[in-house]
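Asks: Sequence:
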Amino acid sequence: MRIERLKQFLPSQVAELVEHSHELLEGQRREVAVIFGDLRGFTAFSTRNEPDVIMAVMREYYEAVGAVTTRHEATLIGFDGDGVMLLVNAPVACEQPATQAVRLAIDLQMTVQSLAGKWCDAGHAIGFGVGVAMGPATVGTVGYNGRLDYTAMGAVVNLASRLCNLAKDAQILADPTIAGRVRDSVPLASLGQRTIKGYDQALEVFAVAPADLRLKPPGSGQRRREKEPQDH
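Start counting the sequence shown at 1; every next residue gets the next number (our numbering).
The set of hints was computed from the structure by calculation and includes no laboratory data.
Glycine residues also receive a C-beta, built at the ideal position from the N, C-alpha and C atoms.
Hints may contain errors.
[Unchecked claim] No more than 25 angstroms apart at the CA atoms, straight line, and that leaves these computed lysine to any residue pairs for SDA-like:
(1) K168 x E60
(2) K168 x N158
(3) K197 x A67
(4) K118 x R48
(5) K168 x L188
(6) K118 x A67
(7) K197 x N158
(8) K168 x T111
(9) K168 x R194
(10) K168 x G27
(11) K168 x E204
(12) K168 x A93
(13) K197 x P176
[Claimed, not checked] The calculated label-pair distances, taken between Cβ atoms and stated as ranges, are:
(14) Y144 x Y199: 31 to 37 angstroms
(15) V142 x E204: 28 to 34 angstroms
(16) D80 x S114: 18 to 24 angstroms
(17) R29 x A64: 30 to 36 angstroms
(18) A56 x A93: 33 to 39 angstroms
(19) A67 x E31: 24 to 30 angstroms
(20) K168 x A64: 29 to 35 angstroms
(21) A122 x Y144: 39 to 45 angstroms
(22) G154 x R48: 36 to 42 angstroms
(23) Q201 x E63: 36 to 42 angstroms
(24) E31 x L148: 35 to 41 angstroms
(25) Q201 x E26: 30 to 36 angstroms
(26) Y199 x L148: 43 to 49 angstroms
All chains, full assembly: derive it from the sequences and hints.
Replies: Now the structure itself:
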């Protein structure tokens, strides 16, 4: 993969490292932390506004996500409309992937909430939820000649996505593996056993940094009062 292509989903310093170590992009099994983020109320917003307004919001959102990804040296797997998937510990390993992933998730949530306050002032009720999970996944490049993407596949990816779907506006939900590794350094609140689609047994779910994330930007109260549906 050319360095220009690598920089589309990796921070520049990581892309340069991978450019000189091609084996990092080969298919392998690795423990990773997966972060999913998704806007709340976006469908209602997009049906009420003109294309230029929608695109302006999306550009701000994408730029913010990209900046957070770079700050935490994570991998941007991709955007899917108003959703985003990020990866920690692949293709380049880090010492404490769970901690790095949670710090990224908090930064991501706070950054997008700041934007959401601005959007609310403009009359747009948009929120943001995050899910994070850790476990083994198959990682590597997939695609065809001229278009290759780095991705992760496995149950942990599905779990992080499900947790994101469960998360309310301004909430970060984590799986037991993440919680067990960061509980000594990050405030957590157990939400009890939750039924997760695709899992035979209920799974304990944790809210990350609940005290910190109560500090919502101006206008967040208005977003709640408008009671937008949690569409994705």
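Asks: Hint by hint, which ones does this structure get wrong, listed from lowest number up?
Replies: 3, 10, 12, 20, 24 and 26
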